[in-house]
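S.K.: Spelled out from the first residue to the last, the chains are:
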Amino acid sequence: MTDILLKVRHVSVDFPLQKDIVHAVRDVSFDLRRGETLCVVGESGSGKSVTARAVMQLVAEPGRIVAGQVHLAGPDGDTDIVALGNRGAAIRAIRGRRIAMIFQEPMTSLSPVHTIGQQIIEMIRLHEKIDKADARRRAAQLLDRVRIPDPEAALDRYAFEFSGGMRQRAMIAMALSCNPEILIADEPTTALDVTTQAEILALIRGLQQERGMAVLFITHDMGVVAQIADRVLVMYQGRMIEEAGVFDLFAKPREAYTRALLGSVLKLESPGPRPVRPQTEQAVMAISDLCLHFPLGQRARAGGSVKAVDGVSLTINTGETVGIVGESGSGKTTLGRTLLRIYPPTSGQVTYTRDDGSKVDIATLSKTQMKALYGEVRMVFQDPHASLNPRMTIARIIAEPLRINTALSDREIRDRVGQLLERVGMPTDIGDRYPHAFSGGQRQRIAIARAIALRPRLIVADEPTSALDVSLRHQVLDLMRDLQTDYGLSYLFISHDIAVVRYFCDRVAVMKNGRIVEIGDVAQICEHPGHPYTKALIGAVPRPDPTLRPDVQIRVQA
Amino acid sequence: MTAPVPPSDGADLLDRQTAAGSLHAAGQWALIWHKFRRHKVAYASLILVGLIYLVALFAEALAPSDPGKFDPRYTFAPPQAISLFAPDGAGGTRFVPHVTGFDITLDQQSFRRVFVPDPDQIIPIGLFVRGDPYRMWGLFDTDLHLIGPLDPGQPMFLLGADRLGRDLLSRIIHGTRVSMSIGLVGVGLSLFIGMVLGGVSGYYGGLTDRAIQRVIEFIRSIPTIPLWLGLAAAMPKEWPPLQVYFAILVILSLVGWTEIARVVRGRFLSLRTEDFVIAARLDGVSEYRLIMTHMMPSLYSHIIAAITLAIPNMILAETALSFLGLGLQPPIVSWGVLLQDTQNLRAITQAPWLFAPGVVVVVAVLALNFLGDGLRDAADPYEK
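Each protein sequence line maps, in turn, to chains U and S. Counting the first sequence from 1 gives a position; my numbering is that position plus 744. Counting the second sequence from 1 gives a position; my numbering is that position plus 605.
Bear in mind the hints are in silico, worked out from the structure with no lab data behind them. Bear in mind the structure is a predicted one, so any value in this text is a computation, not a measurement. All the pointers check out, no bait thrown in.
Some residues of chain U that are not near chain S, with every Cβ distance over 12 angstroms (derived): (1) Arg-778; (2) Val-810; (3) Ile-838; (4) Asp-875; (5) Arg-882; (6) Arg-901; (7) Ser-907; (8) Gly-909; (9) Gln-1026; (10) Ala-1030; (11) Ser-1057.
Computed Cβ-Cβ distance ranges for the label pairs, DEER-style: (12) S:Thr-878 / U:Ser-1032: 24 to 30 angstroms; (13) S:Thr-878 / U:His-858: 28 to 34 angstroms; (14) S:Thr-878 / U:Arg-1160: 28 to 34 angstroms.
The beta-carbon is built from N, C-alpha and C at its ideal position, and this holds for glycine as well.
Let's have the full structure, built from the sequences with the hints guiding it.
M.R.: Quick look at the structure:
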């Protein structure tokens, strides 16, 4: 038996649409060896997930594998998975038993109406003729292997009782239940917080070394690649661009696309050029002891509440960018929305200094008084697909704040929309199109054009780059910085991504459970974090440099 | 999984989109139409529903005779088939579109008329013939019918005749107008109540929402047939038929608005927290404009689907009421009124063609349901 477990040869996958055919994967070939981790990396739409699914004959309708072979080595010679078709006993015997898969969304890939135990036991009993008690014992051992505490009790719990990281562990346990030779992991950590991501990566790495599994790891994150890959396959528009060992790839990428991809990642690794701060700071917004408590349904009368924002004090100076980092559920998005009174605060003050020097407390303003501020304090949302009305043309979307808040004539508004589009680097003649005609990066530019239409003084940017591919992130950030220099804008920049914050912000506040645990200059926080939580957060960020990899013998920790 | 999209963010993408043409600048209606066209059954249903409404619109001209015209000689006359050729008397055939007349004998035991088609009696028929006079849309008098016997005195019953010897086809065609318009107007009324109350409920939420929802639940918990019976029984007997027609409409919509109110409320609830609605609020948009220009356009398509699915319920309700004798009363002709004739055994044994209005109800309701289904699927062109 050779060392090569899986030979993928000239595989192409097509998605026939109404009029044309999308070639999602074109002529991809690679080998997967026993005990190795092959990372397939690429931006959204590069065909990396489709490639992984083709290996298991799981390509979604209407996609079809139109060419190529996938040879799975076995004791009695190779089996061509492509020839098996996507249904029937032969392919089912391979799925789950010889090749297992874990998915990006642990919430949607586990059944909410069956216990974790039922799902794992079913998986075991599908492939092996053993009785229920034995299967249950096996399942408990598996949960123990993936470091789920009290595995016996966990078997009888449901997926929704687990956190995201725990669910992904349960998913891994299920995938391992039949000792597969190959594990396909399709962005298994993308939906998780960085600290949880580090744990899951360590777990996969540890299990792989213990069992000698081959891992096909799909990701868009070069940091993760550097942490886990042995070899890397770079994909772009359905084609293989480059295949190399992980150290070679990061040290001397051969292809221009790989270099560009690495370049945009590395660009975010160091602080971007920032204007020098003036000697005397002028506060544009001073938040003091802001609280927002959501009452908890039945227990509201007993005083039960979720403290989404719990006594936050923060000052944003004119022309400054203040970052807020934290994991999901830390209250950073809620804080940003409270500043614009999308949620009314429970207590505290938000003192905003207007252009003429007068001060107002946003926390206590009436609705009509607040309306006057909407032109000065603006917001950019995370998902540009959701924040642009799909029923309105681009011109109407950008013109809306102008139409409401200014007395400009239709002609003047049209000219202004053209200028704004030009300012954010978009062609000026696209006004009559709808948002669905644009990619994520273009839509975010349009959303920024809407935000700056009224010449605001402060923009609350809620994860404006997280929905974008890495090569677009610094473009959007650079645009935002240019606008800052032009208009003297201040930003409150909310993000979970330390790299982006370091690139873009002057100061950064770290949030946890609704509180700010640490605040300071961005360089100081990133290089010498003081608070243990900040340390853990920064330590868990996968750095795009394989030489920084922790010892290969990572201890799998709970 | 989403369909792969080109990842590049540059000019090439824009160029390709320009080349790809209209879809990228297409508004929501164009996208909905594009998606709807691919739903074959719904598309066929759309055509069928369109035809049915055309029939309703041109009922007088399409019906071969007046729906009230009766002829005791032809009580329960069976349907006649149309033939195109007749013997010319010289051994050959000639082209004469015709129906054959009847040889009527009286069964002395049961006192029943027995109709035997008599191939010698040729009743020539034609298109655009002169027949019973009528007033088209109340505008002008004419007597032109799309199809009918060349001699108005001769019998032509393509779908048979009822117990008074009235032409069933003509009555069904006239019934189409009443039944289909009850559906449309009734839903229009429900839509108004449903949109206002559902919109208020979904947009403001809280106590208002809870109050309106309890009212809806209460109305829906009342068994509909007894409720209609009660309301219909409360109508004074001396009301003219037209007034009864509108009273029935109001009764049906007072019950029917709840479904639409729920659809509208659900959409409002989910739209309220969408980023683009929050963004519009942060643009300083007034509440009225927020609802009318930012939220409503996302609702139109769903509302149209809800309407299409509500019309068949209205039609069925009217049919049921009229069938029970509590809805519309003769001389108004609706499908339900026509089906009253099938309440006895004699209809089943002797004149099964009297069930034809029932078949028409089934076809119309099915077509509307398929159409509504297709519209609902196409309603959100951004859903995969």
